[in-house]
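K.L.:
Let the sequences and hints guide you as you build the complete structure.
In the UniProt record's numbering, the protein residues as written are 1 to 306.
Keep in mind that the hints were calculated from the coordinates and are not lab data.
Any given hint might turn out to be false.
Stated by the list, open to error - Derived DEER-like restraints, expressed as beta-carbon distance ranges:
(1) PRO283 <-> GLN74: 35 to 45 angstroms
(2) LYS277 <-> VAL60: 18 to 28 angstroms
(3) ASP271 <-> GLU292: 26 to 36 angstroms
To be verified - Here are the simulated DSS-like pairs of lysine-lysine, each with C-alpha atoms no more than 27 angstroms apart in a straight line:
(4) LYS14 <-> LYS159
(5) LYS284 <-> LYS14
(6) LYS7 <-> LYS205
(7) LYS306 <-> LYS178
(8) LYS51 <-> LYS156
Beta carbons: idealized from backbone N, C-alpha and C, even for Gly.
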Amino acid sequence: MSRLSVKLPGLDLKNPIIPASGCFGFGDEYSKYYDLSLLGSIMVKATTLEKRYGNPTPRVAETPSGMLNAIGLQNPGLETVMTNQLPSLEKYDLPIIANVAGSSEAEYVAVCAKIGDAPNVKAIELNISCPNVKEGGIAFGTSAEVAASLTRAVKKVAKVPVYIKLSPNVTNIVPIAKAVEEAGADGITMINTLLGMRIDLNTRKPVLANGTGGLSGPGIKPVAIRMINEVTRAVDIPVIGMGGVSCVDDVIEMFLAGASAVGVGTMNFTDPYICPKLIDELPKRMDELGIESLEALIKEVKESRK
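P.N.:
Printed below as a string of structure tokens:
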């Protein structure tokens with residue numbers, strides 16, 4: 001194993017850098033800039049059972065240290081993802097993490113039962129920030145009971161390990177993390193975006209057509225670090241940390257908070273080369289900080305908490 005490699009349920013990563021879902025599509029645009037095989041993995045665009053066109057525009061707005069988005073889970077639907085998008089990624093030497101979304105437990109189950117059939121899909125990331133229609137539009141991820149129920153249902157049909165992507169838009173994230181762990185989750189990814197809004201001074205209306213959107217980018221990193229630290233002290237399953245990562249020091253800070261791999265989101269829009277840059281810069285920064293390997297760092301952080 002190299003000093004950058006990390007091993008998680010279903011995922012043998014040559015390095016810990018993973019483009020986050022929603023910020024990298026299915027890799028087509030970025031493959032024009034560099035070889036995607038350099039990456040540890042890719043969390044591909046959220047997939048729902050049927051094709052979705054997303055929310056009306058405008059659905060993206062800049063903020064001083066990040067961005068707001070309300071894309072609305074636009075994607076081509078499970079059948080197209082299985083026949084076109086996932087096969088197109090088979091030429092790259094990397095495991096794929098398939099992000100799955102839905103508006104009902106039955107939709108999540110249907111997608112999870114099928115998407116693991118793709119030979120390069122080695123894990124599922126369950127996006128539980130979606131509104132649950134049967135629960136009156138409340139997001140699956142805001143209730144420990146509902147999140148656990150969904151986790152149990154998906155685990156019964158999934159052919160690959162399941163990681164639950166937690167929402168930060170809750171009073172206390174720890175009970176939800178513990179609930180999905182007890183329900184059988186193999187890992188956690190966190191954090192998703194923070195709910196936010198901007199208002200146009202001229203029209204006096206929200207900038208986004210949807211009204212509100214998800215805030216991401218460097219501005220949310222301290223929130224992500226705090227929540228990852230809290231969750232990794234409370235659960236034993238691994239956490240893939242994300243939220244505002246923009247430089248190699250941010251990657252190491254995620255590990256020090258307790259993460260076992262790192263997702264990179266909004267920064268891909270600012271610098272399409274950010275992921276290979278982070279992979280290239282990690283060894284030098286690890287030397288400067290006296291870090292022998294990332295697996296050793298993960299072990300050191302765990303032992304420091306006993």
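K.L.:
Any hints this thing doesn't respect? Which numbers, in order?
P.N.:
6
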